[in-house]
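Model the full assembly from the supplied sequences, consistent with the hints where possible.
Chains as they are written, first to last, in this note's numbering: chain A, 1 to 209; chain B, 1 to 136.
Hints are computed from structural coordinates only; laboratory data are not their basis.
A portion of the hints provided could be inaccurate.
Examples of chain A residues lying across from chain B (beta carbon under 8 Å, computed) [claimed, not checked]:
| hint | residue |
| --- | --- |
| 1 | A39 |
| 2 | S81 |
| 3 | G85 |
| 4 | L90 |
| 5 | G92 |
| 6 | G128 |
| 7 | L164 |
| 8 | R175 |
A virtual CB, placed ideally from N, CA and C, is assigned to each residue, including glycine.
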Amino acid sequence: MTDQNPGRMLDTGFFRGWLTAAAAAVEREADRLTELDSAIGDADHGSNMQRGFRAVMTVLEKEQPAGPGAVLILAGRQLISTVGGASGPLYGTLLRRTGKALGDATEVTSAQLTEALRTGVAAVAQLGGAKAGDKTMLDALEPAVEALGTSFAAAAEAADQGALATVPLQARKGRASYLGERSIGHQDPGATSSALLIGALAQTAGATE
Amino acid sequence: MSIEAPVGIVLVSHSGPVAVAVAALAQGLAGGGATAPVAAAGGTPDGGLGTSSELIVAAAAEVDRGAGIAILVDLGSAVLTVKSLLAEGDELPEGARLVDAPFVEGAVAALVTASAGGDLDAVAAAAAEAYQYRKE
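Next up, the structure:
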């Protein structure tokens, strides 16, 4: 893998590419996300994420954000206003805080992206009051950020494993937590969509190296 | 108490009808005459269940008289959406505050207090105090 170089520069086009790949993944997997959500949630995660990422694509076509940070802030804001479920503010906060941490630079290193994502993931944890093991997005995002120091591919693998590892967990946050032990045995929809987002990042990194 | 501008109240529920009905309930229980401004922001713009930042921002603008806004929420995405809007810092008017209170009882207490001329701290305290009212 050549994406192990922490000094690799990522430009605005890379971040647009990431979000475009994420939107495509959400389109592809929307039915599966909704199916997972119908087991332990309210069966709207796929359609909510689809609406949100379609709105992100629309705004990215119309506007020309100046740098990587601005791309993520714009997308995050769009998710908060269009998703309609808890994943809107959670993913919106993730992208916006990551974007703010990247600042105004026109290019950032992959090491800077790792640190910025760490800030974004911490903001998600704070907003939702959740921690690793609660059967949430964090179960995919936290291991992904840790592995991102190694490579984009390792981060995608860690996110997938993290999402799979939510199956035996009991939900402690969100609507699924009302189910108590009945939430055990189902993969968390939020961790699954988080793995799609990180997978899209690795895909973009692989395609542009 | 005061002739200053009243605190505005915004009620955010996953359901449009719930938000509207709780607003009407609070207005009814706040007594006759003019009450402080209250606006419902329930459901999604297309009438579905969920939370809409667009409706929340519009409701906040509608009740803003410059004395602050108490925002009461039901659960889940309503809480998270308001928190993330407040963190953004520029979509909600100055003095908008998420109030930690039970939705129905808190809405009544908040509107009564705001209509009596209470400031934002008093409104928030009255709404939060509704948690202390036991039913058995």
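Consistency of the hints with the structure:
Annotation: A:A39 was flagged as interfacial toward chain B, and the flag is violated, the nearest CB pair being 17 Å apart, outside 8 Å. With 8 Å as the threshold, the beta carbon of A:S81 comes within range of chain B, its nearest partner Cβ sitting at about 5 Å, so the hint holds. Interface restraint check for A:G85: the shortest CB-CB distance to chain B comes to about 5 Å, inside 8 Å, so the restraint holds. The interface hint given for A:L90 holds, since its Cβ lies 6 Å from the closest Cβ of chain B, which is under the 8 Å cut-off.
Checking A:G92 against chain B: minimum C-beta separation of about 6 Å stays under 8 Å; hint holds. A least Cβ separation of about 7 Å between A:G128 and chain B falls short of the 8 Å threshold, and the interface hint therefore holds. Taking 8 Å as the C-beta contact cut-off toward chain B, the hint placing A:L164 at the interface is violated, the least distance being around 25 Å. Restraint check, A:R175 versus chain B: the minimum CB separation of about 6 Å is within 8 Å; hint holds.
In this structure, the hints that do not hold are numbers 1, 7, in rising order.
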